[in-house]
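Novice: What follows is the residue order along each chain.
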Amino acid sequence: MDLSFSPADEAFRHEIREALRGLVPPDMARRTRQGFHPTKADLKLWNRILNDHGWAAAHWPREHGGSGWTPLQVHIFEEECAAADAPFPSYFGLRLVGPLLYTFGSEAQQCRYIPDILTGDTFWCQGFSEPSSGSDLASVRTTAVRDGDTYVVNGQKLWTTEAHYADRMFCLVRTDPDLPPQKGGLSMLMFPMTTPGITVRPVITIDGGHSVNEIFFENVRVPAEELLGAEGQGWDHAKFLLANERITNAHVPRAKRDLALLKEMAAREAAEQGGGLDLDEVDRRIAQLQIDLDGLEWSVLREVIGGSGNPAIASGLKIIASELQQRMTELAVDIVGVRGRIAYDEADLDRNDLPGNPPDYVPGLAARQLFLRATTIYAGSNEIQRGIIAKQQFGL
Amino acid sequence: MDFSLSDEQAMLKDSVMRFVGDRHGFDKARAHATAADGFSRDDWARFAELGWLMLMIPEAQGGIGGRLEDAAILMEGFGRGLVAAPYASTAVVAAGLLARAGGADDLLADIAGGEALVALATEEARSRYDLLHVETEARVADGGFVLRGAKIVVPDGASADRFIVSARLSKTIALFLLAADAPGLEIRRYRTIDGRRACDLAFADAPARLLMHDAAETLSRAVDEASLLLAAEAVGGMQAAIELTADYLKTRQQFGRTLSKFQVLTHRVADMFVKLENARSMLLRGLAAAGGGSAEARAAAVSATMVTIIQAGEFVCGQAIQLHGGIGMADENAVGHYYKRLRAIARTYGDLDFHRQRHLRLTVGDRSAA
Numbered sequence: 001m002d003l004s005f006s007p008a009d010e011a012f013r014h015e016i017r018e019a020l021r022g023l024v025p026p027d028m029a030r031r032t033r034q035g036f037h038p039t040k041a042d043l044k045l046w047n048r049i050l051n052d053h054g055w056a057a058a059h060w061p062r063e064h065g066g067s068g069w070t071p072l073q074v075h076i077f078e079e080e081c082a083a084a085d086a087p088f089p090s091y092f093g094l095r096l097v098g099p100l101l102y103t104f105g106s107e108a109q110q111c112r113y114i115p116d117i118l119t120g121d122t123f124w125c126q127g128f129s130e131p132s133s134g135s136d137l138a139s140v141r142t143t144a145v146r147d148g149d150t151y152v153v154n155g156q157k158l159w160t161t162e163a164h165y166a167d168r169m170f171c172l173v174r175t176d177p178d179l180p181p182q183k184g185g186l187s188m189l190m191f192p193m194t195t196p197g198i199t200v201r202p203v204i205t206i207d208g209g210h211s212v213n214e215i216f217f218e219n220v221r222v223p224a225e226e227l228l229g230a231e232g233q234g235w236d237h238a239k240f241l242l243a244n245e246r247i248t249n250a251h252v253p254r255a256k257r258d259l260a261l262l263k264e265m266a267a268r269e270a271a272e273q274g275g276g277l278d279l280d281e282v283d284r285r286i287a288q289l290q291i292d293l294d295g296l297e298w299s300v301l302r303e304v305i306g307g308s309g310n311p312a313i314a315s316g317l318k319i320i321a322s323e324l325q326q327r328m329t330e331l332a333v334d335i336v337g338v339r340g341r342i343a344y345d346e347a348d349l350d351r352n353d354l355p356g357n358p359p360d361y362v363p364g365l366a367a368r369q370l371f372l373r374a375t376t377i378y379a380g381s382n383e384i385q386r387g388i389i390a391k392q393q394f395g396l
Numbered sequence: 001m002d003f004s005l006s007d008e009q010a011m012l013k014d015s016v017m018r019f020v021g022d023r024h025g026f027d028k029a030r031a032h033a034t035a036a037d038g039f040s041r042d043d044w045a046r047f048a049e050l051g052w053l054m055l056m057i058p059e060a061q062g063g064i065g066g067r068l069e070d071a072a073i074l075m076e077g078f079g080r081g082l083v084a085a086p087y088a089s090t091a092v093v094a095a096g097l098l099a100r101a102g103g104a105d106d107l108l109a110d111i112a113g114g115e116a117l118v119a120l121a122t123e124e125a126r127s128r129y130d131l132l133h134v135e136t137e138a139r140v141a142d143g144g145f146v147l148r149g150a151k152i153v154v155p156d157g158a159s160a161d162r163f164i165v166s167a168r169l170s171k172t173i174a175l176f177l178l179a180a181d182a183p184g185l186e187i188r189r190y191r192t193i194d195g196r197r198a199c200d201l202a203f204a205d206a207p208a209r210l211l212m213h214d215a216a217e218t219l220s221r222a223v224d225e226a227s228l229l230l231a232a233e234a235v236g237g238m239q240a241a242i243e244l245t246a247d248y249l250k251t252r253q254q255f256g257r258t259l260s261k262f263q264v265l266t267h268r269v270a271d272m273f274v275k276l277e278n279a280r281s282m283l284l285r286g287l288a289a290a291g292g293g294s295a296e297a298r299a300a301a302v303s304a305t306m307v308t309i310i311q312a313g314e315f316v317c318g319q320a321i322q323l324h325g326g327i328g329m330a331d332e333n334a335v336g337h338y339y340k341r342l343r344a345i346a347r348t349y350g351d352l353d354f355h356r357q358r359h360l361r362l363t364v365g366d367r368s369a370a
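Chains as they are written, first to last, in the working numbering: chain X, 1 to 396; chain V, 1 to 370.
Excised from the complex, chain V in its bound form (with noise of 0.2 Å):
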């Protein structure tokens, strides 16, 4: 066991909060909040100069081969700075699974060089979170196959030209490709809380690749994978807002002292450091249960770190825009939008009951069914 980060490690976080912290300040981040895509599409080509869009596929693929560590580092950064580009969608999520899949290069050489977005599409009007269930079915039509249903609130869905969309085949659960301009496809595209942009999915008999059979235990590991990345996402927000707190806390006077001579105000921020520092372990706990061990034991762990990351980011950020007083509610604020960010990252893959009593269920144990 070691903490330390590798040679390789260390450059990519130094080449990373470089880019927070030189081409992505918080005025970017609100630009990038108001333009079409929801972020900027120069990063994007920036990212993949950088080869951040190629980490994670596979040497054999093309690729770099990063662990999930890795890409967490990246997504820590990002975090940090507020940057809504669709990484975690595209460049981990999707580029894992169309490898997996095998019969994608092309597509994979398309993401690494920036030119392809694709996104997941697994929520449903009525699945709260539930990846097995699944109401969207396909069925064999001229010799491929066709969707029909739904899908709800797609994690960078906006901006996708493909998506990845599970569906119910015959009795299984089954991964398709589609195009975002296929035909029997209607897209409805709009915003979320934290600026950024999804889509509702609608399939009328949308002619569709399949990418995988029998899905369920791969589509819930990519799931549990984007969790993490979301959970280093959350990491670095958390102590962005943080910092961004004590700074303010030095600087505001009020009943002719700084806010900083209050005790009740500076015992808040160090509350809010042992959130983060406990969210932080639970994290790399996260990443160590994904990478070895049983399927179940790494649910409960995603779902651990899940719980921990939620509950701190709520205290941390809503601390934050507490801490701030009045101008913690406006919009030219940073620290709102931290907090945003965390509200949607807490109901994105699973929200704190969905984690809470999936963990419970793998740890504890359903006595009562039992």
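Isolated chain X, as found in the complex (with noise of 0.2 Å):
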């Protein structure tokens, strides 16, 4: 057992810290900090960026066009990108279908799509919850019917985020109708969103903004070849994915940088503001947000660096991450008061007369807690992780 962070460790952290002066845009770093959604350009931009160093995919083998370091080195360049105020990179290309495309994909998968994954000249999107099927993921109805050497989808998707912005889509699909999706009738498919038959309609969310979208498949011709693995693995892709998704979803290096914006928005607004902000009252709750937030950040180290692959500490650690976030946005916006009422458009912010004359800020605030809300729900909700927890640990 050893506790600490090495001299080397250190030595990479500063060594990263230095490389990443001066390498996001400004304004991209203004954009993050107001936390509204990163635009498509934003995402672009910075793939590129962080592929122009190599370090696009950070997390992935070598093998594979990954960096080669060590968990921790990773988490630690993570850590430095949120607080140079980088955008979390699209998270469906590197997270999601890259490592299910080196893990499950052909050889010729992988050719075809990996690298554009890493430049970031393809953006991917996830089709896997449906109107009928939210946390029950295993009731997927969008069918694929064999038809020679295609496939042809009928069916609907929904909360399909950054589906505005993919050029492709892997898909959940039912291939077999007679068989339970955990025994074979459940296939990955990825396609263009360009395929004829697709429709992609927006969703706006309560905080106003537009993530997410509703995908409609009418007749959608898709090449056999573009099967992921076999016909009938499509559930064991989609546990591959979601216990990755828990870990990554706990954000810590994120959560971080929020956490130190917080600190300095309480002490600026309490200037501000004179007496009217009881600074005590916000002091003691940031304090226990910092006691929990480290709580998490080790809870993820030790995830990361022993790798117990246990699901249920995966689903504790989603639980606790995503209360976590909705707790500090909430802070956030009861720090700004009664500005924390004004419905800011993301389009106005580079106006100078704003409504209620904001701090830079103040802006996204509000919409981001709304927007937070999801984070409880989305990746499989906090009741189901509940349900992992008490089924996996406790055989209950």
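Hints listed in this document are in silico derivations from the structure and should not be mistaken for laboratory results.
Only a predicted model underlies this, so the values are computations on that prediction, with no experimental measurement involved.
Heads up, some of the hints might be wrong.
[Unchecked claim] Pairs of lysine to aspartate or glutamate, EDC-like flavour, derived with a Cα cap of 16 Å:
| id | chain 1 | residue 1 | chain 2 | residue 2 |
| --- | --- | --- | --- | --- |
| 1 | X | K391 | V | D247 |
| 2 | V | K340 | V | E314 |
| 3 | X | K391 | V | E314 |
| 4 | X | K391 | V | E243 |
| 5 | V | K171 | V | D214 |
| 6 | X | K263 | X | D280 |
| 7 | V | K28 | V | D194 |
| 8 | V | K28 | V | D42 |
| 9 | X | K44 | X | D27 |
[To be verified] So the derived list for chain V, only partly shown, Cβ under 8 Å to chain X, looks like this:
| id | residue |
| --- | --- |
| 10 | D27 |
| 11 | V269 |
| 12 | R285 |
| 13 | V307 |
Note that the Cβ used here is the ideal one computed from N, Cα and C, for glycine as well.
Dock chain one against chain two, each of which comes alone in its own frame, and use the hints as you go.
Specialist: Structure follows, in structure tokens:
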């Protein structure tokens, strides 16, 4: 047992911090701090900058284009990126379908898709949830019927994040209506979003933003070679992704940055609002958040370095992290007081006559707080996670 | 950074788990709680045989020179088995202070051999966990020192044959050593809620040996380390309470079904598990901070650990009783004993408010004072 960061780890952190200096364009950093959904242009540009340094897929194994860093180094790298106000790179290529491809994909598929994921030239989205299939992913109804050397896809997906940015989708479909999903009824297909028969419609969320969509498939023809792995393996692929997601979704680096910004903000608001803000109470709430974030960080370190691989641990991280993100933004909105009620429009941010004449950190807060209600729902709602813990850890 | 146990640590864990499993079931723990000392002297002799009592004594002073993580492994096992032996107070805290003070090798050898029990007395009627609030006074008399004042609720104090006492010496805080039968020392022994034995001490010019001048930081470090050991014990206790609860849900029938069929109950167990694992992470973080870095960083980290442990302990063990229903209230059921131990830990070297405030002062900062 060695519980300290080694001098080599500290040297690595210093090296990354120096290398990142000046790399995030100031306007991109400002948008990231404000917390609106990242624009496609920002995601693409940052992906390209990362790739120019060989860092786009820092968390991947070296043979697939990763950095070859240790898990702790990857964690340090992500922490420094967040501290530099870099956006979190688009999730679906680098975090989800990339690892799916190098784990389950054919060599041809890997050659076809992985290079453009690394450069950010191809954006992906994930077709999982459906109108009647949310937490109960096994109930997916979208069908893919084999017709010669193609599959014909019909159905509907919902809550598809960044589908309006995406060039391609990986999509969970029912290939055998008679088999239960866990026993070979589901498969994973990959196809371009420009395939005839696909319609994408925005779903505006309670924050007023557009990050998720609904997708309609009407006789969408997908070549059979776009099947991932073998037919019937879709449930294994989904489980692989969800387990990955639960660790990454802890978003500790971003949370640490958010808490640092929250502390600065509290001090500035206290100065601006005079005695109107109860700073002692704010400090108490910040201190509790700090303690809970420290616990989350060490739980993530334990998992990243020790790697228990225990699904109950991953589920616990998801619960803690999502609740923590919500509490942090709730406090941020509380601190800014009455301006926390104003519906700022992202498109207006560069105007100098914004309502309430707010400091720069105010406009994105309320929207972000509202949107983060989703964190306890997506990637398997927290109630699903509790069910996993009860079953996997205790056989309940 | 590496969270895996070394071979030596794995052996230590294995032997404490075997001790708890084979020799120290709940029936034993309950019997010990009603015995005179509140713990088993036979167990203590066994600890000496196993080398556990010399684990934390430096090699230069005849010990094994273990690290706090090693002692934490033992404490987690003791927490699981409700072992009430005064391990943390004598074999880690007192042994550590005596080793640092020097000139006490005979007493250290007695501790290692299981022949001496030494308790640290810091708390006073008006100190409220503040180690720097010391009203007990030392003064020079007959070429030595005598103590005047009082200490209360000394952990493991009732069975101790010696005490290390914090007292004011001119303007600084110093540590003194005196025997339980020293003249001018009056001891009042009693039970605490967890079935253990504490005591109050009253000093009326009781002669004592000066161990250390200007000991504020040494004392603060020793008590922080003691807190972390209690945190490790709490983690072991919480885990045991959760396992008992999960097992109970699988067997108890109500409304024609086992309780494990009620989601509101199984989700509660999941929440208990999440809090336990978070507490375990904060224990490791606290141990890391105790291993290096500044005194302020250590104190802040230990208080953060204790805030988490105390919050988790109240939830986990409180809900262990709740999910057991009526039987959880019975003294013959183990879960209530874990709850009581966690409650006692939460008011030994600092309670929730104390650790919250100390953490706040050292991290977010005391702006109002600035």
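Novice: If a hint holds in the structure, say so; if it does not, say that too.
Specialist: Hint check results:
1. A C-alpha spacing of about 13 Å is found between K391(X) and D247(V), which places the hinted pair at or below 16 Å, so the restraint holds.
2. With a C-alpha separation of about 10 Å, the suggested pair K340(V) and E314(V) falls inside the 16 Å cut-off, and the hint holds.
3. At most 16 Å may separate the alpha-carbon atoms for a hinted pair to count; K391(X) and E314(V) exceed this at roughly 24 Å.
4. For the given pair, K391(X) sits about 13 Å from E243(V) by alpha-carbon distance, which is consistent with the 16 Å threshold.
5. A distance of roughly 9 Å separates the Cα atoms of K171(V) and D214(V); the hinted pair therefore holds under the 16 Å criterion.
6. Under the criterion of a C-alpha separation no larger than 16 Å, the hint pairing K263(X) with D280(X) is consistent with the structure, at around 12 Å.
7. For the hint linking K28(V) to D194(V), the alpha-carbon distance of about 15 Å falls within 16 Å, and the restraint holds.
8. For the suggested pair K28(V) and D42(V), the alpha carbons sit about 12 Å apart, so the restraint of at most 16 Å is met.
9. Of the pairs offered as hints, the one joining K44(X) and D27(X) holds, with about 14 Å between alpha carbons and a cut-off of 16 Å not exceeded.
10. Because the closest C-beta pair between D27(V) and chain X is about 25 Å apart, greater than 8 Å, the hint is violated.
11. For V269(V), the shortest C-beta to C-beta distance to chain X is roughly 6 Å, which falls under 8 Å, so the interface hint holds.
12. A distance limit of 8 Å between C-beta atoms decides the matter here; for R285(V) the minimum to chain X is near 5 Å, and the interface restraint holds.
13. The beta carbon of V307(V) is positioned within 8 Å of a beta carbon in chain X (closest approach about 5 Å), and the interface hint is therefore held.
Checked against the numbered hints given earlier, the structure breaks hints 3 and 10 and satisfies all the rest.
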